Amino acid sequence: MNQALRAVACAARAAACVLWAGAAFGADACGEYKWDVSNEVRLFATAPTPLDAAATVQAAPSIATGTLYALTLQPQEAIRYAAPPGKKQLADGAYGGLLRLKVARAGAYRVAIDAAFWLDVVSDGRSLPALDFNGQRQCAGPHKIVVYDLPAGVELTLQVAAASEDTARLTVTPVAAPGT
Amino acid sequence: MPRPAPRHLAAALCALLPATLAAVGTGGFTGRVALPDRRDPPPRRALAPQQQAAFDLGLLVFNTSWVAAGTPRAGRRDGLGPLYVAASCDTCHNNGARGRPPENGGLSNSFVMQLDGPPGMPYGAVLNTAALPDHSREGQVEVNWTLRHGHYDDGTGWTLREPHYALTHLLYGPPPAATILRPRIAPQIYGVGLLEAVPADAPRAIREQQPRAVRGELPAGRFGWRGEVRDVEDQTGRAFAREMGLTSRPRMQDDCTATQVACRAAPNGGTPEVSDEFLQAVLTFQRELPVPARTVLPADTEAAGRRLFEQTGCAACHVLELPVAIDGAKARIDAGTDLLVHDLGEALADHRADGTGVPVRWRTAPLWGLAQALQFGDIALLHDGRAASVEQAILWHGGQAAGAQRAFQRLSATERAQLLRWVGSL
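Chains G and B are the protein sequences, given in the same order.
The first sequence begins at 2 in the numbering used here and counts up by one.
The second sequence begins at 9 in the numbering used here and counts up by one.
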């Protein structure tokens, strides 16, 4: 009996049961996101653009939507953030960095990352509230996605904090339609 | 002798406190604070500078993701795993709140499968679903949902979703058939210091007043879904060790079993990995964390909801006033629990690996904090988060709570709405 059939049989006979399968995790957990993330998954499969995240707002490089970046991050103690990171955490051994972002069209955008770290989008010294977030650490592409409502034509600072490693991949994409 | 009404119970219970304590205030309950920014909560009371510093540090520790032993520059927060479920306290208890609901029909990110197996079992106390590089996670939990349908006495239909769990991709194969699987969602942290401060005599006094049919039992501890955990320090030590793979003074062994040679041989992040300073800080943070303020209801709505809560029998176990003794002073809390354990019926039982049910006595879950949980959207109630609303949670009650559940089902639609609105304001 294959695993799927065993799962059905098992679930049908008891409220809890045990299945055994091989050591590999087969199903792609990207499908477990509460939205359709096929656009992000497609981008994360492309060759990334290398980019050094900066330690100051003045030195922050600009990023564009619809592009996968491979970021090199800075030791967090060297970073001068535009606004305090929204989640207070120990900075021991942490990495972070600053990026600039300006979008032509106002609306909801998703920032997707492949590692565990804290994100803030700062406008004029104030962090924008996140509209929503979701995470799937088993996903081979983005592990976490945060949704922001971004204004058009405004110079924004994308802040990364509390990363455990000094590299990360990141994309910013417009939300195709409400609720997706 | 007539049985005291529930609203008079707190006054009776407070009489149990030492006479040297100040009189119980007749005003509001203690510990409730408005939380405009859940990410940066204030303590529930003014603290001395040293305590405030510990609270602030505790918030940092609570939020911080731990990393592998030996990670450069991360000496104070290294030692994660090598097997674990989550890398930070905040992953499951996000901003101190209860675990988030399942998404897309899957499991909540705040979920853990506890395993209660015989000695020598290759798995530890939880199924570790994550591992550091060069180590293998122990397995995966999958859930299928089926629907249960019913109707109220007025004919209105209701639907419950019932989870069916399966352990898959098991590294050592199936656990012994007798192993008890205990699916659990993270409880909220709010108010745990106040629950700890309830005098030991109070639950006993409540129990003596409860009708025989709903009379609870005194659990071994004050926390945990079955009341099996002694206190906040015990719970914190367990969570560090089992869910995060971190040793701390209360638990100097993580969840590696004798079978897991590589896990036991992995480098550690110190002895213990969570320093005493960090442990005390995160304990202070949890104990001083307030409970979010209640929603203020119109007076008539408040009165009607509370009356129905008492009339249906909910208040017999979800006791609305408890005494606390804090630094020599008396106060009252409105936690909505009797701190006793009760049989809630077969539908909520845990199960062995072979699928047979295991009766469980559940500690009455505190109801405070529900207002904030509802304010922030979807909620996940009961021990595994299966109930997506207060209404569903009530309908799952059976066993000693079957009478209250039936009384709820007999209410009119208007009365049910009044009761649910009131519970949702707590």
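It should be emphasised that the hints constitute simulated quantities derived from the structure, not laboratory data.
The model shown is predicted, which means the values in this text are computed figures rather than measured ones.
Do not rely on the hints blindly, as some may be mistaken.
[As the list claims (entries may be wrong)] From chain B, some residues computed to sit far from chain G (all C-beta separations above 12 Å): (1) Arg47; (2) Thr99; (3) Gly128; (4) Arg238.
[Stated by the list, open to error] Chain G side only, calculated, beta carbon under 8 Å to chain B, not exhaustive: (5) Ala84; (6) Gly87; (7) Leu91; (8) Gly136; (9) Thr174; (10) Ala177.
[Unchecked claim] Subject to a maximum C-alpha distance of 20 Å in a straight line, what follows is the list of computed SDA-like cross-link-like pairs (lysine to any residue): (11) G:Lys145 / B:Glu285; (12) G:Lys88 / B:Leu140; (13) G:Lys35 / B:Ala61; (14) G:Lys145 / B:Asn117; (15) G:Lys88 / B:Asn117; (16) G:Lys89 / G:Ala109; (17) G:Lys145 / B:Ala42; (18) G:Lys89 / B:Asn103; (19) G:Lys89 / B:Arg169; (20) G:Lys88 / B:Arg169; (21) G:Lys89 / B:Arg46; (22) G:Lys89 / B:Leu140; (23) G:Lys145 / G:Ala116; (24) G:Lys89 / B:Gly114; (25) G:Lys35 / B:Leu140; (26) G:Lys88 / G:Pro76.
Ideal Cβ positions, reconstructed from N, Cα and C, are used throughout, including at glycine.
Min Cβ distance, Gly87 (chain G) to chain B: is it shorter than 8 Å?
At 6 Å from the nearest chain B Cβ, Gly87 (chain G) passes the 8 Å test, so the hint holds.
With the threshold set at 20 Å, check whether the alpha-carbon distance from Lys145 (chain G) to Glu285 (chain B) stays at or below it.
violated (31 Å)
Is it true that the CA of Lys88 (chain G) sits at most 20 Å from the CA of Asn117 (chain B)?
holds (19 Å)
Agreement of Lys89 (chain G) and Arg46 (chain B) with the hint, judged by alpha carbon distance not exceeding 20 Å:
holds (12 Å)
Lys145 (chain G) and Ala116 (chain G): Cα distance at most 20 Å?
With a Cα-Cα distance of about 7 Å, the restraint between Lys145 (chain G) and Ala116 (chain G) holds, given a limit of 20 Å.
Quick check on Gly136 (chain G) please, does its C-beta sit within 8 Å of some C-beta on chain B?
Holds: closest Cβ of chain B sits about 6 Å from Gly136 (chain G), inside 8 Å.
Does the claim that Arg238 (chain B) lies outside the interface with chain G hold up, using a Cβ gap greater than 12 Å?
Arg238 (chain B) is indeed farther than 12 Å from all Cβ atoms of chain G, at 27 Å.
Against chain B, with CB atoms and a cut of 8 Å, does the hint on Leu91 (chain G) hold up?
Leu91 (chain G) check passes; min Cβ-Cβ to chain B is 4 Å, inside 8 Å.
Minimum Cβ distance from Gly128 (chain B) to chain G greater than 12 Å, as the annotation requires:
holds (17 Å)
Are the Cα atoms of Lys145 (chain G) and Asn117 (chain B) separated by 20 Å or less?
Judged against 20 Å, a Cα distance of about 12 Å means the pair holds.
Against the 20 Å threshold, does the CA-CA distance of Lys89 (chain G) and Arg169 (chain B) hold or violate the hint?
Outside the cut-off at roughly 37 Å; violated.
Can the hint on Thr174 (chain G) be confirmed by a CB-to-CB distance to chain B that is less than 8 Å?
Result: violated, 20 Å to nearest chain B Cβ.
Violated hints for the displayed structure, listed by number in ascending order: 1, 2, 5, 9, 10, 11, 12, 13, 16, 17, 19, 20, 22, 24, 25.
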